[in-house]
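Now for the letters of each chain:
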Amino acid sequence: MSCVLVKVLFFATFRKKYGVKELTVNCDGTVKGLIESASKILGEDFLNDVYDREREKVRDDLIFAVNGRNIKDLGGDVKLKDQDVVSIFPPLAGG
Amino acid sequence: MGNILKVDLTTGTLRSEPISEDIAKKYLGGKGYAVYLLYNYLKEYESKGFSPTDINPLGPENVLIFATGPGTGIPGFPCSGRYHVMALRSPLTGSIGSANSGGEWGPFLKFSGYDMVVIEGASEDPVYLSIVDGSAELRSASDLWGKNVFDTCRILSRRVGGKNISVACIGPAGENLVRMACIMNDEHRAAGRTGLGAVMGSKNLKAIVVSGKKEVPVANRDVFREVSRRCLETMRKNRVTGEGLPTYGTSILINVINTAGGLPYKNWQTGVNPYADKISGETLAETYLTGRRACWGCTIGCGRVTSVSSGPFQIIGTEGPEYESIWALGGSTGVKDLDAIVKANHYCDEFGMDPISMGSTIAAAMELNERGYIPKEDLQGLDLKFGNSTALVEAVWRTAYKAGFGKYLALGSKKLCEIYGHPEISMSVKGLEMPAYDPRAMKGIGLTYATANRGGCHVTGYTVSAEILGIPEKIDPLTPEGKAKWAKLFQDFTCVVNSTVNCLFSTFALGAKDYAELLSAVTGWSLSEDDVLRIGERIYNLERVIINKLGFDGKDDTLPKRLLEEPMPEGPAKGHIVELEKMKEEYYRLRGWVNGVPTAEKLKELEIEI
Ligand code: SF4
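Protein chains in written order, with the working numbering: chain A, 1 to 95; chain B, 1 to 610.
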């Protein structure tokens, strides 16, 4: 299994709930692997907050970006590389 | 149907006219009805042999309209505490003037017995308009002239006394005819854009105070109760309108938009702000937030109550700043000191100025200065460098009073940059400073900015919702493909919202079908989703006919050169420009316009009689 170091940034309610702004996570280079590795540090809740287990993908209402690009615009299935930056936002809006 | 109060300030006469059901069926109320009335003023003007382009935005011939809509002031109608203001011509842009505000003024105008107020002419001396329980009169405002927004609101509220009182007014900026002056109400709420405060100032109209107890009629109460219950439940369960906006307000967008590489920094030289987190909604909530405030009847409550507890920018118990104000006063100016941004925003409220145009004009001046285009003697010691928080705060009050370099800033970025020989540095469309989204990182909003009738505006058609936030569905921000359809749909639907008159934030949870049901219940008409969107399209087209008459067409539907020719230097949108012509071509085809002008067939199809 490949070992990839990814920086994860947390925003809004995620930052508040998990008390962390930024985390460096060691994972297998898949999005699911990254979320699982992060939840080993942050707790099981994190997995449920971010991942839709039934549909096996990141929860639809979140903004989950890799290097600033929403994974929905990248086709959903992204191979992560060393030093990639993942940003996770809860559903939000403004104007 | 309600009544329109028409006030001729030149003669001091007031008259009441009933709202026409036929016009309301075609244009709803709020913005739509006001656009219809403005078009008729233009026709009358032309029939007297004048050209619309002769209208002086600050002359007595300009007309100012305050309008509520069929949803305003009805308990249970989601986010219905707003009003819309329009003018024939904006002193900032020369195009149509248009702005929208929350607070309590809109509903209280309706409770006072009028749905709309039309202001014609100009008074010789300062006056204010009082509308209390159906009785309207003009009174001397000579004791109020020179007073700031907060004092004016408090004095007039006390003078009327009792409950349900709201004041819309101008501050010193409006009196001094600052081109970005806005109309303020309930102290911190603003009909912010296109300089309508200067129009009030030019008419010597300091304020309109409204109060009353009249109930707003609902045609079909039982149906309305059911539709309202369902819509409010949808909004409560929606994670944006039920959780995100109430918790963080709009400034939570700072980090989102920066992550997407579209948060303009240092007058749009890049879309990535290295200090975004320092001025973000998260930081605001942790450090400055002391409470929330909602507009009348709103279940979202996105307004922020904040304080800077110590230091040179101390201010206790202010409101805001919102996303746009933080960006314009902070991001665009490179200021990373949130204390200074909160204070600058407070001054914008106190003096009555639009923070978007204010911050953007200061940012343009900073770029002009850093490139050596402003003679030192003009600046009179004002150290306009990117990131200088003291200069930011000083520049704001100097603008309100046209003091020192403030007299140049008070003209807005377009005229300022023209004066110093570099119009390309003004990041504006049709003279209106663009808001906080760089379209090189989200192409659709570039098309909206370019084609918005009032100029560089995001709330005319907020495609950011689909491009970045994924509402109602996610589309790729970096492609120009398919954006024309979205821009048109958002623009048409927004006309419905602004004519209802409701808050745009309701549309993160509610769609055109919900609006059709709500409107049908309160008016008694039977409106489908297609019907309301067609009304929206009609309003957008008639507004376009007006701006065509004011001299604007396809050549003005454009963007600053920087966005069309300078590739984004960094971030996820690195290398991107805006492919405007490609999107515009498709957009005009969908609109049925040629070179930015609606065709006769299109107007006929929309039953617009011109
Ligand atoms: S969402 Fe915010 S701006 Fe809109 S009506 Fe509610 S409080 Fe006012």
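Please keep in mind that the hints were generated in silico from the structure rather than gathered at the bench.
What you are looking at is a predicted structure, and each value in this text was computed from that prediction instead of being measured.
By construction, the Cβ of each residue, glycine as well, lies at the ideal position given by its N, Cα and C atoms.
Be aware that one or more of the hints could be misleading.
[To be verified] Dumping the calculated DSS-like pairs for lysine-lysine here, alpha-carbon to alpha-carbon at most 30 Å:
hint, chain 1, residue 1, chain 2, residue 2
1, A, Lys32, A, Lys7
2, A, Lys81, B, Lys402
3, A, Lys16, B, Lys474
4, B, Lys402, B, Lys474
5, B, Lys582, A, Lys72
6, B, Lys574, A, Lys32
7, B, Lys336, B, Lys402
8, A, Lys7, B, Lys582
9, B, Lys574, A, Lys21
10, A, Lys79, B, Lys474
11, A, Lys16, B, Lys336
12, A, Lys72, B, Lys574
13, A, Lys72, B, Lys278
[Stated by the list, open to error] What follows is a set of in silico ranges between Cβ atoms, one per label pair, in the way DEER data are often shown:
hint, chain 1, residue 1, chain 2, residue 2, range
14, A, Lys79, B, Pro567, 22 to 28 Å
15, B, Pro567, A, Leu74, 18 to 24 Å
16, B, Gly291, A, Asp61, 46 to 52 Å
17, A, Lys57, B, Gly162, 41 to 47 Å
18, A, Asp52, B, Glu286, 28 to 34 Å
Evaluation of the provided hints:
1. Our distance criterion of 30 Å between C-alpha atoms is met by Lys32/A and Lys7/A, whose separation comes to about 15 Å.
2. Simply put, Lys81/A and Lys402/B have alpha-carbon atoms about 54 Å apart, too far for the 30 Å limit, and the pair is violated.
3. Between Lys16/A and Lys474/B, the direct Cα distance comes to roughly 26 Å. Compliance with the 30 Å bound is thereby established for this hinted pair.
4. At most 30 Å may separate the alpha-carbon atoms for a hinted pair to count; Lys402/B and Lys474/B exceed this at roughly 45 Å.
5. The hinted pair formed by Lys582/B and Lys72/A meets the criterion: a straight-line CA distance of about 24 Å does not exceed 30 Å.
6. Of the supplied pair hints, the one linking Lys574/B and Lys32/A holds, its CA atoms being roughly 28 Å apart against a limit of 30 Å.
7. A threshold of 30 Å between alpha carbons decides the hint, and for Lys336/B with Lys402/B the separation of about 26 Å falls inside it, so the pair holds.
8. Pair hint Lys7/A plus Lys582/B does not hold up; C-alpha atoms about 37 Å apart against a cutoff of 30 Å.
9. Between Lys574/B and Lys21/A, the direct Cα distance comes to roughly 25 Å. Compliance with the 30 Å bound is thereby established for this hinted pair.
10. Only pairs whose Cα atoms come within 30 Å are accepted, and Lys79/A paired with Lys474/B is accepted, the gap being roughly 21 Å.
11. Simply put, Lys16/A and Lys336/B have alpha-carbon atoms about 22 Å apart, close enough for the 30 Å limit, and the pair holds.
12. Proposed proximity of Lys72/A and Lys574/B is supported: the alpha carbons are some 19 Å apart, at most 30 Å.
13. Distance restraint check for Lys72/A and Lys278/B: the Cα-Cα separation of roughly 28 Å lies within the 30 Å cut-off, and the hinted pair is therefore satisfied.
14. With their beta carbons about 27 Å apart, Lys79/A and Pro567/B fall inside the hinted range of 22 to 28 Å.
15. Checking the proposed 18 to 24 Å range against Pro567/B and Leu74/A shows it holds: the Cβ atoms sit about 21 Å from each other.
16. Our hint of 46 to 52 Å for Gly291/B and Asp61/A is violated, since their Cβ atoms are close to 27 Å apart.
17. A C-beta distance of roughly 57 Å is found between Lys57/A and Gly162/B, which places it outside the suggested range of 41 to 47 Å.
18. About 30 Å separates the C-beta atoms of Asp52/A and Glu286/B, a value consistent with the hinted range of 28 to 34 Å.
Hint violations for this structure: numbers 2, 4, 8, 16, 17, all remaining hints satisfied.
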